[in-house]
Structures are given as C-alpha cells and as structure tokens.
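Novice: Chains as they are written, first to last, in the working numbering: chain A, 1382 to 1633; chain B, 58 to 716.
These aren't lab readings, by the way, just hints derived from the structure by calculation.
Glycine included, every Cβ here is placed at the ideal spot set by N, Cα and C.
It is possible that part of the hints are untrue.
Incomplete in silico selection of chain B near chain A, CB under 7 Å [as the list claims (entries may be wrong)]:
no.: 1; residue: Arg194
no.: 2; residue: Tyr528
no.: 3; residue: Gln712
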Amino acid sequence: MSHGNMNLTLKIWRQNSAKEQGQLVTYPVTGISPDMSFLEMFDILNEQLVSKNESPIVFDHDCREGICGMCSMVINGRAHGPKTGITTCQLHMRSFKDGDTIVVEPWRAQAFPVIKDLAVDRSSFERIQAKGGFISVNTGTAQDANCLPIPKNDADASFNAAACIGCGACVATCKNASAMLFVAAKVSQFALLPQGKIEATARVKNMVAQMDLEGFGSCTNTGACEVECPQGITLENIARMNREYLVANCKD
Amino acid sequence: MSKLDSKIPEGNVEQKWTKYKASVALVNPSNKRNLEIIVVGSGLAGASAAASLAELGYKVKVFCYQDSARRAHSIAAQGGINAAKNYQNDGDSVYRLFYDTIKGGDYRAREGNVYRLAEVSNSIIDQCVAQGVPLAREYGGMLSNRSFGGTQVQRTFYAAGQTGQQLLLGAYSALQRQIGLGTVDMFPRHEMLEVVKIDDKARGIIARDLVTGKLERHFGHAVLLCTGGYGNVFYLSTNAMGCNATSVWKAHKKGAFFGNPCFTQIHPTCIPVSGDHQSKLTLMSESLRNDGRIWVPKKKDDTRKGNEIPEEERDYYLERRYPAFGNLVPRDVASRAAKERCDEGFGVGASKMAVFLDFKAAIERFGKTQAKKLSISNPTDEQIKEFGKQVVVEKYGNLFTMYEQITGENPFEVPMRIYPAVHYTMGGLWVDYNLMTTVPGLYCLGEANFSDHGANRLGASALMQGLADGYFVIPYTIGAYLAKEIAVKPIPTTHEAFVAAENDAQSQIDKFFAIKGNKSVDHFHKRLGKIMWEKCGMARNEKGLKEAIVEIRELRDEFWKDVRVTGKPNEMNPELEKASRVSDFLELGELMCMDALNRSESCGGHFRVESQTDEGEALRKDDEFAYVAAWEYKGNYSYEMHKEDLKFETIKIAQRSYK
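If we strip away everything but chain A, and leave its shape as in the complex, we get:
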C-alpha cells in the first residue's frame, strides 16, 4: 500500500539484548508521505518486516503527542532528530527529503543500557526520583491551596522546570552522558516553591548522590542538553542546582 512518494534508506540499530552485540542494518522504505510522523514511518517499515516474517524493530513510544517521554531515538546523530523543541513522535517526514539516508540509534549511555534494538532501560531516572524528587506530604494533610500565595514568576519558573518529560535526550546528547539537566529540573521545580524549601538540603544531596551512583557523567557545561531538550529546559536550572548543592554542603 502506497501512502506518498518519498523513498528513503534507513540504517537502524538492531540489538537482541543488552548482552549481545548490535549493528546497523540497512532497510529501504518506499511510498512515505511527508505528513507522516517519524514513528508512523517506522510502523510502515515494521508492517513490511512482519509481512516478510522478520522480526519488527523494537522502539519505545506511547502517547505520540510529545508528552509521555517514552520515545527515544538518536536520528542522524541527534536526540529526537533534526528539529529542536520536539520529541521523535512529533517529528514529521516533511523534515526529510526524498532519497535521504537516515541513521537511527538508541540513546547511548552507560546508565541507559539497551534492552532491545532502540529501547533502553531508563530506570536509573526512577531511582534518582525516589531519592528526593518529591515533597513529603501525605494525602489529606494539606491546607487550603490559596493559603500559600506564590509569586507568579516563581510559579511559572517552577512550571518551566517541572515540564521535563524524563525522556533522557539530555543524557543521550551529552558527550559525558551527564544527567544534570534532568536532575536540575526536578531540584529547581521544588527549590522555586516555598513548600519545597523545607526539604531542599536533603533533596539536592540525595538526588545528586544517586545520580553519581548510577554512572552518569559529569557536567562540563557544553550546553548540548539544553539544545536537544524537547521541553526547552534551560541551563539556568543546572546553575540553580549547583547553587543549591553548594549551599546544602556548606550547611554541614
């Protein structure tokens, strides 16, 4: 079944499991429409593979509207592809030309081992969250929401940090595989709010300690993470986290 008139050559990372070696495999795809999303193009390729009784390419995806953070492909060397400010599922084929060769690889980082093909294990992020990415307030103990006025600018800045979708593009794109932008976004969200200040010291120390334990690299301020972040989380958050971290350690 033809959908459009773009013909492409895909070089896709295939790897059976974390223990086995992977390699790039070349697949031609034909009849692609510029209105398709990148993942819909993958659906078509997979449909073709199924029809040939070959095993389809495993890739993570779910909401397909840029918010769940599940999709994770490095496309032509860039996390989430050539456009900025979007996830792979929001990338459309109109961003490519007929005849292009497209190389697709998984997130690459020691702390994100490949599970299969393009799917990676990001549970390291979960463990960092569990160390302090919260405010310790049990259900039912809260006061009236408007008892605590919060300046709009602070609330907005907190929201901008909280918008992180936890996809891991920041790690994938960093030459050191550092998770600083991800951790800084969570630390900042709470550091900017009065209700988050109570646990600020423990939070930043515990989350950073877990980040180091997971094997993420150090931050050398190249700023690549900021460029590739689909939610536009800024480096300012890393500066804020460093400040929080310094203050937390000075308090000891």
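Given chain A's structure and the hints, the job is docking chain B onto it.
Specialist: Just chain B now, with coordinates in the frame of chain A:
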C-alpha cells in the same frame, strides 16, 4: 431481584459521604502492615491510590506497561481539573459542580457518587499544591481559573496546556517517595493478563514481564484496576498507543460486570485525520474553546482558505444554535454539531471533514487590552496582533506549537482545522459506592470504572475523578472490605488458582504463535476501528449496530485463523502485546454494539438517530432507560444485562438545554 447493590448510603446527598466516613470499618495500623494490595495502572487513579494506601501502611505492588509510572496516559491531559473552590466568587459551590456533572452526563450517573466527587474536589487542589504541583497563578500569587464546556463558572485549575502532566507528576512523586521508603514495589514494563480468584474473591494477578516475556504470579488481599479507558477499540483515538482494555476485560470474563459499555466520548476539537497511515489522533484542548470561535463557511464546498473568507460569509454555528453557552457547550453537543455541518457539505480542508477553530477575534481582543495596559493610545494593527499573540502563547503556547508540528500550518495565520475524535470512555467496570466491582476484593478506579460521568463527561472532570478515587475515596472504602480480611494470611502463589490462571494466560500466548497466519495485528485492529467508528461512533442506528455485531464476529473468527505474530514469547515482543490487546478489543467491541443497540434512546455521547428532537438534539427516554446497563459475561461470547435503576432524589430530571 437485581444482583446489583450500589451500596449508596442512606440519607441526604450532602450527608452520605460524611456519614459513611464516620461509620466505615477501620483497619488498625499493625494489621495494615500485613495486608497486600495490588494496583494495576499508574495513571492519576493508580499512582494516587498506591501512594495514599502505602502512606496508610498497606503493602502495595504497582504494575504498569510503560517503562515508568510517570508515562501513564493521564500525562497527556491538557486542559485542567475542576474543583468547587469558588475562588472566582462567581457563584460556584459543591452543589453546582454536582449539578453540572449530573446534567452534563445527561442524567445517567448516580447522584451519590457524583456528589462525593464534587465534595472531595477541593481537597485535590489542596493536596496537589502541597505536593509542589505548579498550577497557574495570578500576579497576586493566587491560583488562576478558566472555564470549560457545560458550565457557566470558572472552576478549572490548570498548568498551561499540560495539566495532566503536572498532576500526574505530583502523584508520581508521591509514589516514588513511597518506593524510596520501601512501602511500594514497582513493576514497570509489566502487563496484567489475568485476575486470580480464590473462593470467589480476587486474590492476585498474572502479569507478563514485557522485557523477558516471563509470566509472573502476584498475590494481593485486594486488587485495584486503574487502567484507564478503552477508546483504542476504535483504533484511532486520542489515547496512547498502548492504552488497552485487557485488565478490565479479563476481569469482566472472571465475573466483573461491565457498565454502560457504549458510552464513549467523542471529543470535538482534535486534529483531523490526514491519511490512512495515521496511528493516532491528537487533541486540541477544550480550553481553546474559551477564546477560539468555531465556524464553517456559509457556502457549501467553499475551497478558500479560512483567513480569506470574510466575516459575513461565516457561520458560527455553535453561537447560532446555543446562544447561552455558545462555543462552550458540552463535548457531545459540540461534536454532533460539527458532524452535522460536515455531513451537510459545509466541512473544510482537503477531506471536507473538518471545521475551523479561529483565534482571530481573541488575538484582537487580547491585543487591545494589552495595548491599554501598556498605555499605548493608538496601537497599530500590527502591534495589536503582536500583543494578542503574546497573550495566546502564554495561555495556549504548547498547543499552537503542537498543531503546527502536526499539520505544517501556522494557526496564528490560518484558523485551526478540527474534527471530533474518540477521546474517553464513560463506560467501564460496574462498581458500587466503595468502587468495588461485582467480584469481592476487586476494585476499579478512574476512567476504567463507569461511575461518575453518566453518558457524557464534562471537560476537566477526568483528572478530578481519577485523583478523587485514588487520593480520597479508596483509602476509606477499601477498609470496609479489608477489615474483614485481617485474618487472611498471604496465599502462596503455588495455589491451584494461580496455576490455572497462569495456564490460561500461557495457552492464549501459545495460541497466537500457533496460528502463523498472513495478516498483521494492526490489520485487524484497523478494520475493527473502522466498523466501530462508522457504526458505533457519533451517530448510531439499529440497522448499523446489528450489522456491526455480525461484522465484528466475523472479523474475530478471521483474526483467530489468520493473524501473524512474529518473534518469540519469551522476549520483548510488541507484536505479541498488541495481539493480546486486540483480541480483547474484538470482544469488547461487540459488547459495546450490543449495549448501544439495547439503549434505543439518545443520551449524552450516545446518539441513536431514531431518538432525537425536531431540532436534532438527543432525546432521552427516562421512563424506559433511566438505568445503568451492567453486563454479565456468561461464557462463549454471550452476555446477560442487569439493570441498576437510577434514582434522582435531589436533582429534578429534565431535558438538557444549552440554548
């Protein structure tokens, strides 16, 4: 005698929940430690329930198919969450939220449940703010509100167009905290395939580890299904790709009745289908209807661009038909009105199956206000446009970007094209006031249950219900059951019921691989979706539904003969996951059509063309259909319907009017 006991407490609607809480059985802390609860699904309902129950001291296990609890599809909810705070001083109250929800649901929901929902709505906002959820604020530091369809007050709290994300991350952070404290065991990349019943009570689940393919047995004193809706039965919907009905459907086949399966919400403002490659549909938040105006050209088959059609040649049909609510009529009304215009030949875009959602007037209005604020006395048109755009970006920024990404058109220059799409399912597992299904110990929360939205859900009420169930209802109601279970020791998973359930799951997997057919899973899913959309979609009739039932049965037979599942069972295998989900949709779809056929009235999102007013509005038949249809599985694809009569003691039942 009906088998259904809704267990609604006696007394005035205002007193029911208060009295219930004061008299419900409690479980003491030392016993809570020994009671295990399984939560399936980690969206707003699942994450909030799991965190709250763990805080109380129960031992909790949480399962989700995604790689993290944070990715559940609640994350994609855009617009907002309702609460009866009356912060705007515009006349809101718990009673009004209750009334609007019952009326919005076209008088097909229970008064007792809905009043409780409205009552706890305020606590949700308090809880979320305490968790550090950055909801939108005014310059004075107070929380901001906006309007949603079907209401005349501003009671919707929001965080730009990412409210679901922020609320879910709040519940997720509470859950992660409990995981860190060791009170919750988290099982991501796991899918529940069977409910385990022992002596008629739910005692556990069989889950498949989606990475290794291994089947696992898990015991629980109670099981909570918080797995969302079944909109993906239509193939194309605003649901995530993985959203499925497997847990509720397997539970249904083990004895949980299914309530009002035909009640589906078709959301009016989605980006239209662009071609047959399409894998999902994207919503444009209802909040856009606060400021956007919906219209079609007055002339049929008008091929001009939206911005080239002069004002006097535009038909703002919602404002024309419903002057009181205008563009903010409830979703079912707005969807049908769009379909009506397109069916009459006034649709726009290449497919002619779209209407315009236009921000031109809003941009001008915002721009002028902004210019005044900045004391610019004679702003140029350019300035007004620029200022107006800035305000729109602030309010709806991510939605405009999303639209442009998908369509390649700039919605600041040309009006958006939108069309209705499947979005939410009001139907779901039948539950009583305790949120328990007809299987003792098996609960169902959030979108997965049928309880609060009647035949149509109002905007910004899904987030409210998911969190109400999880944070503020189940922590109380589960005590009523578990207080009697404290003597029950954990049952070893070597019990024959676990073995039998695992065998059932295994034999279905083996069956998929044994077929070795010629057609992919998606092939069948798309065909099912087409039948459902055409014959059980926005308008339904007897003939179409009867045909659909036959066609679905044939398609199901073909599926079991000719589906191809590649790969192996004991590995990460998305084709196998899809096959399992689609096999359940192929059964559920038939039940939806049977329910739609039985209910020969129109109500809310369920529109039977045989039952409409002279003006084409939905016509209810209260003397015949003021009941919940709860379907019991009788084996071999046969079902028996039970009725739970709906009593309206507080609200006077009336024909809905938004004129």
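Novice: Provide an ascending list of the numbers of those earlier hints which the structure does not satisfy.
Specialist: 3
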